[in-house]
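Fit chain B to the known structure of chain A by using the hints.
First to last, the protein sequences are chains A and B. Residues 1 to 427 in our numbering are what the first sequence lists, from first letter to last. Residues 1 to 248 in our numbering are what the second sequence lists, from first letter to last.
Derived by calculation from the structure, the hints in this document are not laboratory data. It is possible that some hints are incorrect.
Said to hold, decoys possible - Going by beta-carbon spacing under 8 angstroms, a handful of chain B positions derived as facing chain A:
#1 F91
#2 Y92
#3 E99
Stated by the list, open to error - Straight-line Cα separation of at most 30 angstroms, DSS-like style, residue types lysine-lysine; simulated pairs:
#4 A:K422 / B:K182
#5 A:K3 / B:K187
#6 B:K182 / A:K261
#7 A:K422 / B:K187
#8 B:K138 / B:K182
Think of the CB as a built atom: it goes at the ideal place given N, C-alpha and C, for glycine as much as any other residue.
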Amino acid sequence: MFKLRATILKDLRVLLRDKIGLALMFGMPVLLVLVITKIQNSTFELVNKNKVALLLANRDTGKISMEMIAAIDKIGMFKLVEVPRGQADQQLIDRMHAKDALLALILPKDFSSRISARAKKITAKALNSFGLEANDTSTAKTTNTDPVTLYYHPVLQEAFRRSVDGALHSALQMVESKQVLQQLYFSINEKQLPVAMENELLNNQSPITEIPVSRDGSRTVPNASQHNVPAWTIFAMFFVVLSLGSGIVREKTSGSFTRLKTLPTNYLLALLSKQLTYLFVTMVQAALIFSIGVWLFPYLNLPALNLPADLFGLFIVSLFCGWCAVSYAVCVGVFAETQEQANGFGAVSIVILAALGGLMVPAFAMPDSFQLIIKLSPLHWCLEAYYGLFLEGGTLQDVFASIIPLIVIAILIQLLTVWGLKRKKLI
Amino acid sequence: MNNSAVNIENLGFTYPGQSTELFSGLNLTIPAGSRFGLFGPNGAGKTTLMNLMTGLLSFEQGNILLAGNEMKKKDRSVNKLFGFVPQDLSFYQELTPVENLQFFGAWSGLTTHEIKQRTDELLQLLGLNDVRNKPVEKFSGGMKRRVNLAIGVIHQPGILFLDEPTVGVDVQTRHAIIHYLKELNKKGTTLIYTSHQLSEAEDLCDTIALIDEGKIIVHDDLNHLLAAYGQNGLEGLFLNLTGKHYRD
Chain A
1 MFKLRATILK DLRVLLRDKI GLALMFGMPV LLVLVITKIQ NSTFELVNKN KVALLLANRD
61 TGKISMEMIA AIDKIGMFKL VEVPRGQADQ QLIDRMHAKD ALLALILPKD FSSRISARAK
121 KITAKALNSF GLEANDTSTA KTTNTDPVTL YYHPVLQEAF RRSVDGALHS ALQMVESKQV
181 LQQLYFSINE KQLPVAMENE LLNNQSPITE IPVSRDGSRT VPNASQHNVP AWTIFAMFFV
241 VLSLGSGIVR EKTSGSFTRL KTLPTNYLLA LLSKQLTYLF VTMVQAALIF SIGVWLFPYL
301 NLPALNLPAD LFGLFIVSLF CGWCAVSYAV CVGVFAETQE QANGFGAVSI VILAALGGLM
361 VPAFAMPDSF QLIIKLSPLH WCLEAYYGLF LEGGTLQDVF ASIIPLIVIA ILIQLLTVWG
421 LKRKKLI
Chain B
1 MNNSAVNIEN LGFTYPGQST ELFSGLNLTI PAGSRFGLFG PNGAGKTTLM NLMTGLLSFE
61 QGNILLAGNE MKKKDRSVNK LFGFVPQDLS FYQELTPVEN LQFFGAWSGL TTHEIKQRTD
121 ELLQLLGLND VRNKPVEKFS GGMKRRVNLA IGVIHQPGIL FLDEPTVGVD VQTRHAIIHY
181 LKELNKKGTT LIYTSHQLSE AEDLCDTIAL IDEGKIIVHD DLNHLLAAYG QNGLEGLFLN
241 LTGKHYRD
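So that you can see chain A by itself, here it is in the shape it has in the complex (with noise of 0.2 angstroms):
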């Protein structure tokens, strides 16, 4: 117990006098936690609560248009900036280059005709399928053309566009219905449509109520904190790569190694002292980034984090998610000849684990052929478990199911390093 707990203090040591070491094992992490929560708040701000510059060119003098132009500024998700009537398409065009806005959409001049037109059309259709004549089917067999032109900056993403997509049909389909019924409500009773029928038809839509699962039943909506701070915290767990990875390969290419191997006492002690020494790290790591997360998010404008209620079992899955990282790392440094080995095959690694366990992108968005790999990924089940009490409201006992693979997975781990230090004389 002497000899372990001399070589978790030298341990303590080394690390603490290795500032780039620890720079990347605390500074770095906290860095990334911000920017991508932060960029992810953005983005969840952006679709839902900050507007879209939209370049608008009216090239229509009647009513409908006017009509469209408040059906979409109704919808909230757009910023209109109109152009002059005159401006050209490319004028429009240089003016997105200059990222002035990254959509525009063009009225053309005959919007309101080809609306109105469209509208009788559906409107005879409709009148003759009932047996009754239309008043007037002159026009209705004119034109069957998009009456709407969007041009959209390629740097926008394609979900984004298929938003703005919806949002801009749910425009013109508002815009067209109000036509068709006010064209059918003349043809029947050759009078106007009420203003307040009007509105109570088109208006008045039913309500969409959308409730999170939860285990304990709390209805929080999860919000980009509660996304990436648990996903980057893993990420900075098993980044510790970087420092004790090439740590275990500078003492075995160092000469103090030889002296080890000389003294009367076995390396497995030196390994199992850099295991609970990192293990440690790691779980001042998650402290540290779910309390910045709690008190500091708030003062940077991004919402704060929610502690699961179970935090017995968030200590459990953090020291779990700890030990497998650890393990990891020792295997790296047990079996890279080099320190630039070490750093390298350990940062590459961890990304394409990251990425594999849905810390990128969500497992549930992956194609199938990926769905057995993404198992194998230790990061995928930290995740689970992670999410299991952040996201679900869940319990130490709720999130099991994704702790055993990750104990299977560190036991394996730490199998193939006693494999390595045999087959290299280590011990």
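Relative to the frame of chain A, chain B by itself:
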């Protein structure tokens, strides 16, 4: 009572992947309490022999006894009988001399009290007391060599292996180290030393062995050998027995 510090019997060793045996049926006895020097040209096998005696390499054939105790692959208890001062600086440069001695002392099997006592004693003896709490990485080459030596002797071993212990140091440090080693030997520690510094070796060693191509050419009291071969110094004896041609 065992009178030999090291007893090598019929030792056979081949490096993995090599077909030629480096040592075959090698025998060597180093008397307890002696100041033994092992010399030879580059590639002669002296470092390999030192590594076999300290357990850094394992042998397939024969036996090595340290103070009568057999060296075994999986039993490290014999390791507490000797100390080792490698040619490379073998400690943690980011730690202070005190912190290094605390760690290596614990690994050598000492108690907290013993470590403290020996640390104070050694730092004083080797002139490191003023810098005891400063990181070793900021030390001069000579100071680092003294730290390297202090760690090797912290547990007061009966046998001390020294591989080029004074390489790259100034005259003052060399003198201090050699003086300390002689004092250590007077207290009963067997010194097993290897170096290319033959004048230093002549000053330190009372018994020597010359090794070449994996074989012990001569092994005797230094003065007897010098007289027997009609040489004034170790360098002349060395060249006389191993030749003047390059070996690497």
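Item to complete: Check each numbered hint from earlier against the structure, then list the numbers of those it violates in ascending order.
Response: 4 and 7
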